[in-house]
Structures are given as structure tokens and as C-alpha cells.
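Chain B: place on chain A using the hints.
Each protein sequence line maps, in turn, to chains A and B. No gaps in the numbering here: position 33 of the first sequence is 32 in numbering that gives the first Met the number 0, and each next residue is one more. No gaps in the numbering here: position 107 of the second sequence is 106 in numbering that gives the first Met the number 0, and each next residue is one more.
Check before you lean on any hint, since a few could be wrong.
[Unchecked claim] Computed spacing ranges between beta-carbons, pair by pair:
no., chain 1, residue 1, chain 2, residue 2, range
1, A, Lys-165, B, Thr-14, 46 to 56 angstroms
2, A, Asn-140, B, Asp-183, 32 to 42 angstroms
3, B, Asn-70, A, Lys-144, 43 to 53 angstroms
4, B, Asp-183, A, Glu-125, 29 to 39 angstroms
5, B, Glu-75, A, Lys-121, 39 to 49 angstroms
6, A, Lys-144, B, Pro-218, 34 to 44 angstroms
7, B, His-1, A, Asn-161, 30 to 40 angstroms
8, B, Asn-23, A, Tyr-128, 55 to 65 angstroms
9, A, Asp-126, B, Pro-218, 36 to 46 angstroms
10, B, Thr-108, A, Asn-140, 29 to 39 angstroms
11, B, Asn-148, A, Glu-143, 28 to 38 angstroms
12, A, Ser-130, B, Arg-10, 52 to 62 angstroms
[As the list claims (entries may be wrong)] Below are the BS3-like pairs computed for lysine-lysine, each with C-alpha atoms no more than 25 angstroms apart in a straight line:
no., chain 1, residue 1, chain 2, residue 2
13, A, Lys-148, B, Lys-203
14, A, Lys-144, B, Lys-196
15, B, Lys-180, A, Lys-139
16, B, Lys-214, A, Lys-148
17, A, Lys-165, B, Lys-175
18, B, Lys-124, A, Lys-165
19, B, Lys-196, A, Lys-148
20, A, Lys-139, B, Lys-5
21, B, Lys-180, A, Lys-144
22, B, Lys-214, A, Lys-112
[As the list claims (entries may be wrong)] Here are a few chain A residues that sit away from chain B, every Cβ distance over 10 angstroms (derived from the structure):
no., residue
23, Lys-112
24, Gly-117
25, Asp-126
26, Leu-131
27, Arg-138
Don't read these hints as lab results, they were simulated from the structure. Where a beta carbon is used, it is the ideal one built from N, C-alpha and C, also for glycine.
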Amino acid sequence: MVRRNFNLEVESYAFLKNLQESEDIFYVIVVDSQLSAKLKFPKSIHERRQIIPVYFCMKEGVLMNGDKYRIDFNCTMVQIREVLSEIISRYSEKDGNSIGTGELTIREREVLKLVAGGYTNKEIAEDLYISLHTVISHRKNITEKLGIKSISGLTVYAIMNNIIDKESLDIGALI
Amino acid sequence: MHFNEKDKVCRILQTNIELLPVLNRFNIRTGVHDKTIGEICDERGININFVLAVLNTYDNPDFFQKETLMNVSPLEITNYLKSTHRYYYQVKLPQIEDHLNQFLDSCETNREQVSLIKRFYDKYKSELVAHIEDEENNFFPHIIEFVKNSKKNLNFSIAVFEHEHSNVDDKLNDLKSLIIKYLDSQYDDFLCYQFLKSIYEFEKDIQDHARIEDKILIPQIQDLEKERRGGNEH
Numbered sequence: 000m001v002r003r004n005f006n007l008e009v010e011s012y013a014f015l016k017n018l019q020e021s022e023d024i025f026y027v028i029v030v031d032s033q034l035s036a037k038l039k040f041p042k043s044i045h046e047r048r049q050i051i052p053v054y055f056c057m058k059e060g061v062l063m064n065g066d067k068y069r070i071d072f073n074c075t076m077v078q079i080r081e082v083l084s085e086i087i088s089r090y091s092e093k094d095g096n097s098i099g100t101g102e103l104t105i106r107e108r109e110v111l112k113l114v115a116g117g118y119t120n121k122e123i124a125e126d127l128y129i130s131l132h133t134v135i136s137h138r139k140n141i142t143e144k145l146g147i148k149s150i151s152g153l154t155v156y157a158i159m160n161n162i163i164d165k166e167s168l169d170i171g172a173l174i
Numbered sequence: 000m001h002f003n004e005k006d007k008v009c010r011i012l013q014t015n016i017e018l019l020p021v022l023n024r025f026n027i028r029t030g031v032h033d034k035t036i037g038e039i040c041d042e043r044g045i046n047i048n049f050v051l052a053v054l055n056t057y058d059n060p061d062f063f064q065k066e067t068l069m070n071v072s073p074l075e076i077t078n079y080l081k082s083t084h085r086y087y088y089q090v091k092l093p094q095i096e097d098h099l100n101q102f103l104d105s106c107e108t109n110r111e112q113v114s115l116i117k118r119f120y121d122k123y124k125s126e127l128v129a130h131i132e133d134e135e136n137n138f139f140p141h142i143i144e145f146v147k148n149s150k151k152n153l154n155f156s157i158a159v160f161e162h163e164h165s166n167v168d169d170k171l172n173d174l175k176s177l178i179i180k181y182l183d184s185q186y187d188d189f190l191c192y193q194f195l196k197s198i199y200e201f202e203k204d205i206q207d208h209a210r211i212e213d214k215i216l217i218p219q220i221q222d223l224e225k226e227r228r229g230g231n232e233h
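Isolated chain A (complex conformation):
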């Protein structure tokens, strides 16, 4: 376990349900602390690769949209990256306060974004620090939920729903 200080930007905080344990999870990105706070991780964190439960303990007050905080992480770099990627994918949603709205979970949206960007399953697995098997499983779920299977179809959906920016794609190659 490594101790890290992270200074990151807060735009809003997230409220997610961990479907495996029906516990509430907070993810926060913070910057330039005015309040210091401690993150607690439950003991079984190393068993859950995809969603990291984070219990945020505030010294005072509550988390506010737009406020800046500093968080001391007491966890591994991999776990931190996983938390960050969850939050970053959430920020690409239009409504920053609602998580996992629409058909797809946050993770599925992340995977979809990479699929639409032309990444292979192997590249997606490496990028998200998950197994190839998990990527394939996410893709199956995505196809089932959306009713769209082909990469170009998924790309169209992703652009239509602002999951990916059309300008950032080599659209001729994909559609």
C-alpha cells in the first residue's frame, strides 16, 4: 500500500450504487484543499477490480459541487487510476449529478467510448486495467442493452449520445 497526496479538480461528486453489495459509493476528484479528508477503503477492496468503494469522511460540512478539496489516498496506484477513470467517464455525461443514467453503467460507457474510438479489446483491457474477459463481457452487455452490435453502429450511437466527440474520431475509418 502506498500513500499518495492527490490534487485534483472537483466538479461534482458522484453517488453510485455498488450492485454487488448495495453499498453507496462516493467518488470524488479534488484539488487544492481547503478541507482535508480521509478516504476509507473496506478490507475487501482488492477483490473488486471494477468498482472501488470509497467512504469519504469529512472533518466538517458536506461535499459541495464546485468546491475544492484535497484527499489523501491510502491505496495502490492501480486503485487510484480505477477510481479516476470511473469519475472521468462520468464527467463526459451531460448531467454531472446523475450517474449511470440511461441504459449503460459507467463502466459500460467507458468501454463503449473506446470501442467507438477503434480500440481493440486487448487495448481496452490494458487501458482500463481490467481483464480481456471482462471487456468481452461488457461488450456483450452493451450490445444486449442497446440492440447494437457492429462497431460502426456503436460508434454512431456513441456520437449521437455525446459519449464520444465526432471531431476526435477518424470517422471515415469507422463509419
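This is chain B only, laid out in the frame that chain A set:
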């Protein structure tokens, strides 16, 4: 509904008008008064078992008459499939494109989405056309040559033709999902329905077509290959 040779053509069409294009592929058209399908096939030298198997399977996809179809000559099957291609090129694809353009032109809002869908359709169409052309220019000629020439060397195996239908099917399905579920625009409702209806009809037809290729024609050629190989070994 299970048709037999005693059924009148008019009754077949009155039961399921979608069978008209299918009959057309055998050069059977409307206006034959009260003649039965058996009489028409007899008059014109058409294989009645083949026609009935195709009609019945098209009418009820769960009722796939594999054994009957396996006994039809691969040359007749290939002819039928080529007729189907002509129907797609000359009738169905132009119709779909026409309906799609009318529908998309009626979309007043969210033109970005509209252009994405058009683009997606164009990609689907070009893949489909390439697939059909490959069948017409490579797949079918090889099969016809192989069947007709019993002394032909087994230099080619049907296995060489990676005959993949699923990619093309997937995109058609995706097109439906994108429009039915996700297109968020003001448009003419009837034009939307008209387009989707033509897609659904096409999808049904092409699935039937693909099934005949995959479950009948290819196994027939594989059996013939085996037979000839067995003969050559003795």
C-alpha cells in the same frame, strides 16, 4: 400454412401476398386464373418440390424443409439465389434507399444524427453490395463449374470461401435499433414507418436467402466434394 401442389396460385397469394416476389423468382406471376401451383410448374417444367419447399419455408421460417431442398440440384438452387440477388438490386435496395431518403429529409431537427444514420446506411449498403458481387462473380461461378464438370480437379474446396453472412445481418439490425430507439428528431411518422417496413421485409428475405445458401447449397457442395474425393481414392 402448408401449401401443396393442389393449391391454387391465387389462394397462395391471397393467403400471403409476400410470396408474390418469391413466385416471381420462378417466373410465376399473377393472372393465372384458377390454376394450381402444381399445374403451373408442370406446364413450365419447374421443379414443384423446390417451389413448394421455398414457399412453405418463406411463409413459415420455422418450417425449414431441409431434406426436400437438399434433393434439389445445386444448379437450380443457384439460379434461384441469383434471381433473389436481381430482386435486391433492382427492387429492394432502391426502394429502401428511396424510403430512407424520404424519411431522413423529413427530419426537421437534429440533422447531425440524420447524417450519421445516412452514413451508416451507406456503409452497410456498400458491404452488402460487395458481398453480393463476390457471390455472383466468384462463389456461384465456382459452384456451377464444379457441379457441371464432374471430372474437375478438387483444387478448390467450398471451405475456401469464407462465407460470412453475420456481419451484414448485424448492421441491418443495428440500423433498425438506431432509428427505432435512438433517433431523436421531428420527422414524418408515416415516412419513418414506410422505411422501417421496407427494412423488415428485406431482412426477412435476406435471412431466408442466407439460410438456403448456408444450410443447403454449401452442404450440397461439401457432400459432392466428399463423393468425388472418395471416388478418386479408389
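Results for each hint:
The beta-carbon spacing between Lys-165(A) and Thr-14(B), approximately 49 angstroms, falls within the hinted interval of 46 to 56 angstroms. Checked against the hint of 32 to 42 angstroms, the C-beta distance between Asn-140(A) and Asp-183(B) comes to roughly 23 angstroms, which is inconsistent with it. In this structure the hint that Asn-70(B) and Lys-144(A) lie 43 to 53 angstroms apart at CB holds, the actual value being about 44 angstroms. Between Asp-183(B) and Glu-125(A) the Cβ separation comes to about 34 angstroms, which falls inside the hinted range of 29 to 39 angstroms.
Between Glu-75(B) and Lys-121(A) the beta carbon distance is about 47 angstroms. The supplied range of 39 to 49 angstroms therefore holds. Separated by about 36 angstroms at the C-beta atoms, Lys-144(A) and Pro-218(B) satisfy the suggested range of 34 to 44 angstroms. The given range of 30 to 40 angstroms is broken by His-1(B) and Asn-161(A), whose C-beta atoms sit roughly 52 angstroms from each other. A beta carbon spacing of about 58 angstroms between Asn-23(B) and Tyr-128(A) agrees with the range 55 to 65 angstroms that was offered as a hint.
Asp-126(A) and Pro-218(B) have their C-beta atoms about 43 angstroms apart, which keeps the hinted 36 to 46 angstroms range intact. The beta-carbon spacing between Thr-108(B) and Asn-140(A), approximately 31 angstroms, falls within the hinted interval of 29 to 39 angstroms. The given range of 28 to 38 angstroms is broken by Asn-148(B) and Glu-143(A), whose C-beta atoms sit roughly 48 angstroms from each other. Separation of Ser-130(A) from Arg-10(B) is about 59 angstroms and conforms to the stated range, judged on CB atoms against 52 to 62 angstroms.
Proposed proximity of Lys-148(A) and Lys-203(B) is supported: the alpha carbons are some 19 angstroms apart, at most 25 angstroms. The straight-line distance between the Cα atoms of Lys-144(A) and Lys-196(B) is roughly 23 angstroms, inside the 25 angstroms bound, and the hint therefore holds. Taking the CA atoms of Lys-180(B) and Lys-139(A), the gap is near 18 angstroms; set against the 25 angstroms cutoff, the hint holds. For the given pair, Lys-214(B) sits about 24 angstroms from Lys-148(A) by alpha-carbon distance, which is consistent with the 25 angstroms threshold.
Annotation: proposed proximity of Lys-165(A) to Lys-175(B) holds, straight-line Cα distance about 22 angstroms (limit 25 angstroms). Taken as a hint, the Lys-124(B) and Lys-165(A) pair is honoured in the structure, with Cα atoms around 22 angstroms apart against an allowance of 25 angstroms. For the suggested pair Lys-196(B) and Lys-148(A), the alpha carbons sit about 21 angstroms apart, so the restraint of at most 25 angstroms is met. With a CA separation close to 48 angstroms, the supplied pair Lys-139(A) and Lys-5(B) exceeds the 25 angstroms bound.
In summary, the hint linking Lys-180(B) to Lys-144(A) is supported, as the alpha carbons are separated by about 11 angstroms, within the 25 angstroms threshold. Restraint check for Lys-214(B) and Lys-112(A): not satisfied, since their Cα atoms lie roughly 37 angstroms apart, outside the 25 angstroms limit. Here Lys-112(A) stays apart from chain B, with its beta-carbon at least about 16 angstroms from theirs, past the 10 angstroms limit. With a closest Cβ-Cβ approach of about 14 angstroms to chain B, Gly-117(A) is found to remain outside the 10 angstroms limit, as its non-interface label requires.
Non-interface call for Asp-126(A) relative to chain B: holds, since the shortest CB-CB distance, roughly 24 angstroms, exceeds 10 angstroms. For Leu-131(A), the shortest C-beta to C-beta distance to chain B comes to about 21 angstroms, beyond the 10 angstroms cut-off, and the non-interface label holds. No Cβ of chain B approaches the Cβ of Arg-138(A) within 10 angstroms, the least distance being about 13 angstroms, so the stated non-interface status holds.
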